[in-house]
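Asker: Listed here are the chains, written in short residue letters.
Number of protein chains: 2
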Amino acid sequence: MRAGSAAKRLLVGRPLDSGRLGETLLPKRVALPIFCSDPLSSVAYATEEILLILALGGLAVLHLTWYAAVGIVILLLVVVASYRQTCYAYPGGGGAYVVSAENLGRTAALTAASALLIDYVMTVAVSVVSGVAAITSAVPSLDGHAVALSVFFVAVLAWLNLRGVRESGRWFAMPTYAFIAVIHLMFAVAAVRMATGSTIRAESADLPVHAVSTYSGIALVLLALRAFASGCTALTGVEAVSNGVPAFAKPKSRNAAMTLAIMGALSVTMFFGITVLAMVYEVHVAEDPTELGLAPGTPMSTALAQIGRATFGDWHILFYVLQAVTAGVLVLAANTAFNGFPMLASVLGRDRYAPRQLFHRGDRLVHSNGIVLLALAAIVLIVAFDAELTRLIQLYILGVFVSFTLSQAGMVKHWRRELAKPAGAGTRGGRAGGVDRRGIHRRLAINAFGAFLTAVVLVIVLVTKFTHGAWIVVIAMPVLFAGMKGVRRHYDAVSAEVAVGPHERPRALAENHVLVLVASVNAPSLRALSYAKTLRPTSLTAVTVAEDPADAEVLRATWVARGIDVPLRVLSSPYRSIVQPILRHVREAPERKGDAVISVVIPEYVVGHWWEQPLHNQSALRLKTRLLFMKNVVVIDVPYRLASARELAAERAEAERAEAARAAQDADEQS
Amino acid sequence: MRAGSAAKRLLVGRPLDSGRLGETLLPKRVALPIFCSDPLSSVAYATEEILLILALGGLAVLHLTWYAAVGIVILLLVVVASYRQTCYAYPGGGGAYVVSAENLGRTAALTAASALLIDYVMTVAVSVVSGVAAITSAVPSLDGHAVALSVFFVAVLAWLNLRGVRESGRWFAMPTYAFIAVIHLMFAVAAVRMATGSTIRAESADLPVHAVSTYSGIALVLLALRAFASGCTALTGVEAVSNGVPAFAKPKSRNAAMTLAIMGALSVTMFFGITVLAMVYEVHVAEDPTELGLAPGTPMSTALAQIGRATFGDWHILFYVLQAVTAGVLVLAANTAFNGFPMLASVLGRDRYAPRQLFHRGDRLVHSNGIVLLALAAIVLIVAFDAELTRLIQLYILGVFVSFTLSQAGMVKHWRRELAKPAGAGTRGGRAGGVDRRGIHRRLAINAFGAFLTAVVLVIVLVTKFTHGAWIVVIAMPVLFAGMKGVRRHYDAVSAEVAVGPHERPRALAENHVLVLVASVNAPSLRALSYAKTLRPTSLTAVTVAEDPADAEVLRATWVARGIDVPLRVLSSPYRSIVQPILRHVREAPERKGDAVISVVIPEYVVGHWWEQPLHNQSALRLKTRLLFMKNVVVIDVPYRLASARELAAERAEAERAEAARAAQDADEQS
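Chains as they are written, first to last, in our numbering: chain A, -5 to 665; chain B, -5 to 665.
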């Protein structure tokens, strides 16, 4: 334990005071990389996902990329506009769960929560795996270690987040801005080179694209829709900003909405720019190298890596910079989920849809349990899907659009309720309080269109992706839903069960019969007996188990010789177990009736080293868990701290004093 | 827990009464397969191990097999004769640990114990892996699944042993006898066929044996000694009988000695017979198929499988019977260790060289902890060595001869002490009491020769095997030794620390200040408060942590409204933790001084389903482990059993009543 505690302190830093939470409010320039690294970074793979699907139809259908891209840009603009409304309406944070809960009821809220929980996990898994693909595109020799690298990055992210959101922000700003800068630099270089007459072609431009089958009519439309659905990964994570409004510096809603607008503009520019270059350079990609006429197992670069290599040149330093910042922003995009998931889990814990301990904050003002849970789930997915991006991405988009649709539908309800209020009454919170009824009509219209469009895309995603992996999500969501309902039902049942009438008050019980377990006459036993006497019990008996009859005889003799004034009861142990005879003795005790209780006092050896644990108290532990199940039985642990435990306690106390002194000093410096 | 308990009952059967231990005494016909399956089954691979080593020297040196075989037969006879003396001298069980402890002191005893613990694990690993090799020799398609099959068999053995020794005996008798029968049948068929003029040759007789290098002079002698050392695997497990004397039916010593003699005769016959056939059939084996001029990766049959196939013919049913019973007896040979290891661990636990809980017997009269530990260690070895017999066997023989040598040396000391006694005084136990001094001189001579011979072999094994893997054992033994010493030192230190003066007696403490932790006014809290009042404490306070200040205000209001006559103290929680504020409150309490104690009463929710556990008491658990480290603090668990827990308790009580009724009925039937 000693090592564990020191390691925790070293890893997650000193605890922050609740009163200092204000300090962690984020200005826009810090909020953008924290909340927008997910949507911004997804441009790194969105184009490629479109090309991968259309490649199934061969060279002839690749031009459909344009339609898919335009559709995605329009969708992105609509969704951003919709979520800006949410920022104003919910300055306290308008995640899909909150908006659905307030406007659409429990079922919608839990549906949204199921979708969000899955999406947070998928965000971590997909972003990290895609970031690792950027690395292996630049350093092909790492190709075989994708799983290990991905797991490593997830672990690093979890560690950074356990240290707290503000420090994360500082670190996380750099790669996001670098990514934006390098992508725009790439556009500039490409524009200049093409303007000066160069013809730039991708390394894969001359590879034949073998159609898997011929698509026409309905099949072709479905293929195009599937490509569009795949490209919709560009939209993932847009919700994070509206969810995180309370973390923004004031004016919160305005800053959040502004950040969303900036993010939207950057996303559209980068996504469309990359798509244009992919088409102009004739980038060809396929899930399997054989479809491009290559030998099986040939390592393939990502579409973005191909564009970068074609623009900057193969061994040019800028190509490596591009790959590095792409990997950086993608791995950090997972951070969006590390902010969102524990927050949602905490809200679910508060509402008793998840274990209560998810509601507790840890030392570092973050929901440590949620962070650890998220990291573990993502690691399981990465390992299970062998870090293959194309297989993971099939599970990704469905949940996103479920929460989009529910969130927008909830907003429609919200604005209609606002309209139903008598004119002049303020709307809820923030700047929205000042808008007139025409403004509300406009917001209603935006959200209604957003809800309609995202619902249509949801159906498209469901139809085109179902057999490709989305069915897993279709199963997982109801399972999570039922699980959360079950947890709530359990808590409600327990609350009802433990409720007491208005006139019940605590009153002393009539009898307290105390049993003290002893194995020999030593300090822990005497301490336990002394404590038992302090309780002034109705009856007091020392109990021992005669595992070895000779030992028991020695104990009895010592007992008599010392003149200990507590009767000693020796229990025989026919099955040579310590636990069973005691349980039987307690179970059959006539005293355990009516208004009486049996208190079992266990002298416990407290040790300071982890390796000393298995040498002590093993039977006591098993005994306690069984005794707690018995009616009218109470278990009393009288600890006897061995030297090693006293040392550990002293060290801990010293560390906590030093901690408090440092915290006081910090507070002085800052005031 | 419910499922766990039911599963345990289903898996290990009903508990046995200590008084019924007598029933499990074993007649010779049952003791032979239980205690001798290890030495008997090792003839299945001992010959092959000799051939494998000599193959390194090429065809020219294969004739040295005869010398190695004769040496091993002599050694086997001497060791069996030596251990027969132990059976008489130690009717209470004369394992190397006991004999060394009594005659040579602690250091020798712990050395023997280290060697034995390693050997038990090796017995399980080697026997099971070799048994699986017999299976894959007959069914080559299973070749790739050796690790999985081996792990499976270890798990099955552990399960059978958890059910108890007697039932194991019944099951385990069959394959051992079948193995003996089929091997002798094979000898008969071979004799008849050869007598009638057939020439039988092994499938590998025509394969060239490529010498790895040329051996002559000292190198050749060393190679021969190494082959001899490898063949000494035939001796492993001989000690089991002398160790298990108390499990034999009366007269214990005589029956055990007789069983040893039968085992010795069978071992010599089978080992020598198999070696003769291997030489006559010209069986050629090598670690690597390329040394036999085969393609890399060609599956190779074991030597015994080749002999069986040559004798019975390739597809003859008897060949498959041979492989099946060989696999059967080898997998069951591991059972010797499953008898011996927990017994040794229990003795070490009794002497405080191992955690005490290894001393406790489980429900089924067996040392469940030891069985589980042994199975896990063997599985780790099998997985680590990829189920490769030739690599595992290098670790095997060293420990065996360490314990042989110590055991025999201890016996020499024993007999010399007997001789030193005045004439006419009875020697310790059994038939030995009646032997005269000439008889003792004879026994002394036998054990002295045994000690000398096994010491010589120990040196040979150490020298020839050290670089081939035995170094691992040379490292592991001192580690185990130091570990056991450390455990004993810890227990001794604790005993000294908790010792009390002769006049100390339990006496009531002056003050008992009681804190009751509450989160809301409900049945568990009221129950805890009622119990606290029963203790008639010096002071009584209810304590709550204001994780959410609003909730705390509600609680305070309810408290006042109900007129609960216990003061409520609300602790602020700046770090939003439940545990820290309570710890700080207790740490800083002025009452925790001198002859006073603070009792912290925790209302605990007891639930009946395992999945309900994470929904409750998580903070209480962390709190308890920290409170126990504080001076003058006692923790009191007041359980509140929810409906599911009451159901579980009722089910358990019902099951235990039924159990008791069945046990009583069994006892009636048998009396």
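Everything labelled a hint here was simulated from the structure, so no lab data went into it.
Among these hints, one or two may not hold up.
Chain copies aren't distinguished; within one or between two, either way the pair holds.
Claimed, not checked - Straight-line alpha carbon distances no greater than 25 Å define the calculated SDA-like cross-link-like pairs of lysine to any residue that follow:
#, residue 1, residue 2
1, K407, R501
2, K415, R344
3, K527, L503
4, K22, A502
5, K625, E606
6, K244, L19
7, K415, L577
8, K415, L312
9, K618, W605
10, K415, M168
11, K407, W605
12, K407, S489
13, K415, H497
14, K527, R501
15, K625, N516
16, K625, Q607
17, K479, A132
18, K415, F443
19, K22, L53
20, K625, L511
21, K415, V67
22, K625, A643
23, K625, S613
24, K625, S638
25, K618, Q607
26, K527, D380
27, K407, S613
28, K618, R344
29, K479, N516
30, K587, Q351
Asker: Evaluate each hint against the coordinates.
Answerer: Results for each hint:
{"no.": "1", "hint": "K407 <-> R501", "verdict": "neither (52 Å within a copy, 71 Å between copies)"}
{"no.": "2", "hint": "K415 <-> R344", "verdict": "neither (30 Å within a copy, 80 Å between copies)"}
{"no.": "3", "hint": "K527 <-> L503", "verdict": "both (17 Å within a copy, 8 Å between copies)"}
{"no.": "4", "hint": "K22 <-> A502", "verdict": "neither (60 Å within a copy, 65 Å between copies)"}
{"no.": "5", "hint": "K625 <-> E606", "verdict": "between (33 Å within a copy, 19 Å between copies)"}
{"no.": "6", "hint": "K244 <-> L19", "verdict": "within (8 Å within a copy, 84 Å between copies)"}
{"no.": "7", "hint": "K415 <-> L577", "verdict": "neither (66 Å within a copy, 50 Å between copies)"}
{"no.": "8", "hint": "K415 <-> L312", "verdict": "neither (58 Å within a copy, 93 Å between copies)"}
{"no.": "9", "hint": "K618 <-> W605", "verdict": "both (21 Å within a copy, 19 Å between copies)"}
{"no.": "10", "hint": "K415 <-> M168", "verdict": "neither (46 Å within a copy, 88 Å between copies)"}
{"no.": "11", "hint": "K407 <-> W605", "verdict": "neither (60 Å within a copy, 38 Å between copies)"}
{"no.": "12", "hint": "K407 <-> S489", "verdict": "neither (32 Å within a copy, 72 Å between copies)"}
{"no.": "13", "hint": "K415 <-> H497", "verdict": "neither (43 Å within a copy, 83 Å between copies)"}
{"no.": "14", "hint": "K527 <-> R501", "verdict": "both (21 Å within a copy, 7 Å between copies)"}
{"no.": "15", "hint": "K625 <-> N516", "verdict": "between (31 Å within a copy, 18 Å between copies)"}
{"no.": "16", "hint": "K625 <-> Q607", "verdict": "between (29 Å within a copy, 19 Å between copies)"}
{"no.": "17", "hint": "K479 <-> A132", "verdict": "neither (47 Å within a copy, 55 Å between copies)"}
{"no.": "18", "hint": "K415 <-> F443", "verdict": "within (23 Å within a copy, 107 Å between copies)"}
{"no.": "19", "hint": "K22 <-> L53", "verdict": "neither (44 Å within a copy, 82 Å between copies)"}
{"no.": "20", "hint": "K625 <-> L511", "verdict": "both (19 Å within a copy, 21 Å between copies)"}
{"no.": "21", "hint": "K415 <-> V67", "verdict": "neither (36 Å within a copy, 103 Å between copies)"}
{"no.": "22", "hint": "K625 <-> A643", "verdict": "between (35 Å within a copy, 9 Å between copies)"}
{"no.": "23", "hint": "K625 <-> S613", "verdict": "both (21 Å within a copy, 23 Å between copies)"}
{"no.": "24", "hint": "K625 <-> S638", "verdict": "between (36 Å within a copy, 13 Å between copies)"}
{"no.": "25", "hint": "K618 <-> Q607", "verdict": "both (16 Å within a copy, 15 Å between copies)"}
{"no.": "26", "hint": "K527 <-> D380", "verdict": "neither (63 Å within a copy, 60 Å between copies)"}
{"no.": "27", "hint": "K407 <-> S613", "verdict": "neither (60 Å within a copy, 40 Å between copies)"}
{"no.": "28", "hint": "K618 <-> R344", "verdict": "between (30 Å within a copy, 24 Å between copies)"}
{"no.": "29", "hint": "K479 <-> N516", "verdict": "between (52 Å within a copy, 23 Å between copies)"}
{"no.": "30", "hint": "K587 <-> Q351", "verdict": "neither (36 Å within a copy, 33 Å between copies)"}
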